[in-house]
Structures are given as structure tokens and as C-alpha cells.
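Protein chains: 2
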Amino acid sequence: MTEEPTGGDLSRLRQLNALAVIRVLRTDQPLTMTELAKRTGLSRASTEDVTRELIGHGWVAEVEPAPGTLGRPARRYRFRADAGWVLGVDIGGHTIRSLVTDLDGDVLSSTCVTVTPQLGRRERLAALDRCVTAALTEAAVAPDQIWSTGVATTGLVDGTGKVMLSDSLAEWTGVDLAGHLRRRVAGPVRVENDSKLAALAESWRGVARHAKDVVFLLAGLRTGTGLIIDGKLHRGFGNSAGEIGALPAIGWLRAPEHLRAWSGAREDEFVDVFLAARDGDREAVRAVRKYTRDIAVGVSALILTLDPELLVIGGGFSRSADVVVEPLRRELDRWCLRTPEIRVSTFGDEGVAFGAVRLALEQVEASLYAGSELSSPAFFGAAGSN
Amino acid sequence: MTEEPTGGDLSRLRQLNALAVIRVLRTDQPLTMTELAKRTGLSRASTEDVTRELIGHGWVAEVEPAPGTLGRPARRYRFRADAGWVLGVDIGGHTIRSLVTDLDGDVLSSTCVTVTPQLGRRERLAALDRCVTAALTEAAVAPDQIWSTGVATTGLVDGTGKVMLSDSLAEWTGVDLAGHLRRRVAGPVRVENDSKLAALAESWRGVARHAKDVVFLLAGLRTGTGLIIDGKLHRGFGNSAGEIGALPAIGWLRAPEHLRAWSGAREDEFVDVFLAARDGDREAVRAVRKYTRDIAVGVSALILTLDPELLVIGGGFSRSADVVVEPLRRELDRWCLRTPEIRVSTFGDEGVAFGAVRLALEQVEASLYAGSELSSPAFFGAAGSN
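Those protein sequence lines, which keep their order, are chains A and B.
Just so we're aligned, residue 1 is where the first sequence starts under UniProt numbering, counting upward by one.
Just so we're aligned, residue 1 is where the second sequence starts under UniProt numbering, counting upward by one.
Rather than coming from a laboratory, the hints here were simulated on the basis of the structure.
Wrong hints could be hidden among the right ones.
Repeated chains share a single entry, so a pair holds when one copy, or any two copies, can fit it.
Said to hold, decoys possible - No farther apart than 27 Å at their CA atoms in a straight line, the calculated lysine-lysine pairs in the DSS-like style are these: (1) K232 to K290; (2) K290 to K38; (3) K232 to K212; (4) K212 to K38; (5) K162 to K212; (6) K290 to K162; (7) K162 to K38; (8) K212 to K290.
Because the structure is a prediction, the values reported are computed rather than measured.
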């Protein structure tokens, strides 16, 4: 039989190889050709071919040897993260946050604007615009230089970037978020639920980096969840996965009431109950325990269903994790066949926004090959200015 | 740059192409070379190459033209399902069932033996041996002609084929099922939880054939679940996924009690309560409604979590689906954001056993390439007789 594959097979193969090289360089760089071949699992010859092609198109650059290097060191290569910029936006009930990053997700600017859940649609969109403009200005990036935008919002989102359902934000159901932002920045705009994107951020560069199956719990004024299954964000058939909190029997709807009761119904005093519990205030300890017990039933349902490697606690309450994690673990041990390792997010308030950045970067990666041809960075700039 | 991929890349590519050809031929055959190229998406030349290689190794055969065919018809090819046999076993509380099938999963023999949950370990293993022997005898296949065996059991199973935990079968925790069967039949033996394998069967050749995300409900004396996520059986980090039924808050543990109360605690009269409900007996209708209400809370938790395309009802009660599905759908509509399509298994009592067959066939497919070389059917026979 002949050893020659056809042109179609070859171009598909080269495309996969190029993406493999880019993926390796984006997580660990600079690398020599030998290291690159080893990490990608490709042959030396294939690695050289695709790297040369990627350099030619502007995606990869050779790195200058460190000053003082003796002899002739092996050439090293890096991904050109500075070839373009992306925008990540988190629209929450109390804060809107924007990040401008390079193609590695390294932050050029981070801005936030304070809002309230009661704010009307028009006012919230105006606040969003102010926040985005401030981030672009601080990063010294023009709106038409943004290659791709990811947006996180509370509620359910459809595939076109419209809010299908939002219980917690006033006048938010039906807003065409993608359409709104497309008129303000260049490049494609994708919108996704905030808990899902916070989970994506943990899986990308957070505490769940190396885990395949992860239950992420967004613990805060609202309780939400995002699922990473087999290394990928699980969206569901109608993009509505992770909404177990809507089921009254699992107790998430009433869980924050225990904290609210202690703090006298003032939402901004939630933090105080954790501080008081940390100081040993018995009523506060009891309120936190009741909260934890209610949260634990739903978390147990998720763990028993999916048997994840990791449970990650993020969201506003994750800063009080020292008061919450141990009572939670004890409750989980009561109900679960195997309580997974519990990790606390290290993103602080930026987890959701980082997830939005990751969504934007996935779009860039998906567009690396326009049709079957490798695109140059210039292609994105051109596409962006439409 | 050079157009020549290296040997390593090529052999990986050819391996993927050969598996693509086999997969297409296993679902739809016989096919002409043109049809085969179209279905696999490979080039004509690549398709011819790998098909020739597969014929040479005994996996694919040319089909004789139908008698009376005029002119010179295009040659057609089929997968040689008759090249070998596999065994699928379902060990339940009340029945043990064995299927011997060819490599397409077409049944040569099906046998079952009646047992009880109270039976001791030694007696249950003896019943298992009788059941397997009867199936082999009926199929006229010798134990050393079995290429691969899949086993389903209630309870949790570890990666080596041992039962980690069984609540419903006496003396079953700790049984080394894989070890036991390896002494009786040739080839590898894999063991998996019965609900998981029933879900796998639906995804393979049941009512969930074309769905990517599926919640499967095993509804019977026990309630279990198996999850298909992104087209694959979801096992979980510790192989314990799908055990939401262990959580008291979701009501599955008490659900069958409503039926048991009606039938006066006799397990074999469960069927009667459905018959009576179908005939309009008010007490029976009420018992079925209470059962359905309890089941629905856990099913809603699964649906809200995963947002599947499809909910499949299988297990013993699936034969009474006409009495159960509508009340269940009404309950799901109360709790779920989007109630998925509900389908009822058509496997009758054989769903779990078919899942075990599929597990065995997956093992055969995984072994098609031993190292990087295509194996011949003879290879499996030889491996089997060790």
C-alpha cells in the first residue's frame, strides 16, 4: 500500500500540530525546539515545520539569548502574547468589572464600577460602558484593537448572547448583551453565565488547573455552581447546566437567610457575620453553621452525582473560607460516599472576570484557523475594525 | 517548508483512519468505497489504503454482490462481526443474565438464572457460573473463544473489578468479580456498576443513540442513575458518579416504600400496583403518584445540574412507563427550568446486560491496535487462550 496521505489529511494534521505547539508555548515558555517536540509529542521535523510556519505568520517569536550566555545556546521560542488584546467583563449585582489582557491573559488594566441589583436596564448598560471605557483607556488600547470579548452575567444566557432569564437583576431578562458590546468594541463578543465562567477560570489558571472533573461553588449573596467535566466547561443542552440551586429541596434559596437574619437584613454586612464567627460570637457561629448545613445538601447532591476530583469554593464568601470550609467538610462527610479535596479560589473578586477573559481567548484560538488556513494576527486586527 | 510528515505522525494518522473506517462499517454496512470515504470524511485514497489493510488483517470482508445483480456493481465492504465473540453479564439481586454476542453485539445466546438478594457470596458466584456456562453452551462457543467480558453488578466497583460497596446484595462487598471470571473465560474482564452500564447501552444502541448528554434513570426496586456526558459514560474520579440516590434529602431511598405499602411489602407484587393504577384503582394511583413525586425531586436535581438533552427511563418499572411518565413529567415541569424529552427504554430486562456487552466491545476496540500495529483477529484468540 502507498505511504502517501492526501492533501486534505495533511492539512488537518498540520493544523492539529500547529495548535499543539501553540498550546504548549502558551503554558510554558520559552522553549527550545527539542523541548517543544518533547512536550507536543510531535516529531522533531514536524515541530520545526509548524514552528517555522507560526513564526512566519507572527504567532511565535524567537527569544534573544540571556545576556552573558556563553557559547552558542539553543534557540528558544515564545508565543507572541503581545500580538493582540482581549476584553473580559463581569456584570454582577453590586459590581461591574472589566479586564484588558494580552493573549496570555496577562492583565494590562482592571477597572470596576459599583452598581446595585435594583438599577434599571439603561443605567446598568451605561455603567457597563463607563467601566469598559475606563479599562481600555487605562490599558491604552483602542476599542477597535480588541480582538475578542467575553462577558459574564448573572442569569441564563442563550447562544446568541441575550439574557434569557435573570432573577436577581432588575430589567435584565431579554437584554441583548452581545449586540450592545459589539457596537462598542471590535471582534466577536460571547456571553456566558457568571458561575460557569468562574469555574472556567479555576480550570484555566486557578486552583483547579490540573483537575479533569470539578464542581465549582460560587458562594456569596447568591449561590451558584459551574461544572468542569472531562476538562471542559459543561454548558448543557440548553446552556442551563449548573442550576441545581433553583430546586427548593436542596436548600440553597434559603441558605443566605441565616446570615441575613444575624446581620439584620443589610446585605453589605454579610462580611461581618463571618468576622464575628471568627471571633467566636456564638450567634454568628450558629448562623454560619446553619448556612453551611443548607449549602451542604446541594453540594452533596452535586458530588454524589458527578464524583469530582475537586470542589472549589469561590465567590464573595471565599475570603471567609477559613470559617466555612471545615463545617462544610464535616457536613459533606455525612452525606457523600467520597468527599473530594476542597480548595479555595485565590482569585478574590476577579474570578468571574478572568473566566470572561478565558472565553474571549477561546474565541481567538478557535479563529486561529480561518477555514483551513492559518491566520495572521493582522487578520484579527482587520476583522476587528469591521 | 517540507510537506512530508514523519513516520510517527503517519502511523498515528493511519491508526485514526482505520478506526474511523471500522466505526462507520459497524453502524452501517455494507458500504461501497465511495460511501465509506463520504461517511468517514477521509479522502478516497486514504479510505482505500486503510480498507485494504483491514481486509488483510481479517477485520473487513468484501461482500458478494446480490444474486441477479446486473452489470458490474461497485464492490461493497462489511465489518467481520463474526471474527470473534464477547460475553456480557448482569448480576442483579433477583436475576443473573448472560449474553454471548458477535463483534456487532448481535446476540448468539441469552440465558438467565433466578437468585435472591439474600443469597450468600458463594451461592451467588455458583449461580453466575451456571448462567455463563449455559450461555456459552447455547451459543456453541468455548470459554477460551471469548475475546472480552463485561460484567454489571449493583453497588460500587473499583478499577480492578472488585466490588467496593454493595448495600443490596448479601456478602457482596469485596468480591473480586474480575478475578473470578478471568478463571472461567479467556480475554480481559471489566466490571462496572449496573446503572452506568444500562445508560451506556441506551447511548450505544438504545433510545439515546443520537444524544450527547443523557440522564438515565434505572427505575425499579432500587433507583439508580447513569450519566452520558458529551457522548461518553461519566464514571467520576473514584468511579462513584451517579450515586445521588444515597442523599436522603432527594427522596429516592423512601420512594419505593409507597409502592411497597400498597402491595403489602411483597417485592414481587410491585408490578401489580402499576396494573391496578392502570385500571384506575384509586389507592394504587395515589401510591404511584407518591412514588413519582419522591423520584422527581432527585431527577430534577440531575436535570437542573446537567441540563441533558434526554431523560431515559429504564429498569424494571419501565414496562409500566405508561402509568409513570406523565405524572413524572408534570412533577419535573414544577421544578426544572427546561424539562428534557423523556424516552422509555426498549430493552426490557436486557438493558444492563447489553451495557455489559458494550463494555466488552470497547475493550476489543481499544485492543485493535496493540502498540502501534493493527492486530489481527487471530491475535485476540491467541491472547485469550493464555
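Going down the list of hints, with the structure as the test:
1. In this homomeric assembly, K232 and K290 never come within 27 Å of each other (Cα to Cα): the closest approach is 33 Å inside a single copy and 38 Å across copies.
2. Neither within a single protomer nor between protomers do K290 and K38 lie at most 27 Å apart by alpha-carbon distance, with minima of 52 Å and 60 Å respectively.
3. For a Cα distance limit of 27 Å, the shortest separation of K232 from K212 qualifies both inside one copy, at 8 Å, and across copies, at 14 Å.
4. Taking the shortest Cα distances, K212 and K38 sit within 27 Å of each other inside one copy (23 Å), while across copies they are farther apart (34 Å).
5. Only between protomers do K162 and K212 lie at most 27 Å apart by alpha-carbon distance; the minimum there is 24 Å, versus 29 Å within a single protomer.
6. In this assembly of identical chains, the alpha carbons of K290 and K162 never lie at most 27 Å apart, being 36 Å within a copy and 39 Å across copies at closest.
7. Proximity of K162 to K38 under the C-alpha cut-off of 27 Å is found in neither arrangement, the shortest distances being 44 Å within a copy and 37 Å between copies.
8. For a Cα distance limit of 27 Å, the shortest separation of K212 from K290 qualifies neither inside one copy, at 31 Å, nor across copies, at 38 Å.
When held up to the earlier numbered hints, the structure conflicts with 1, 2, 6, 7, 8 and fits the remainder.
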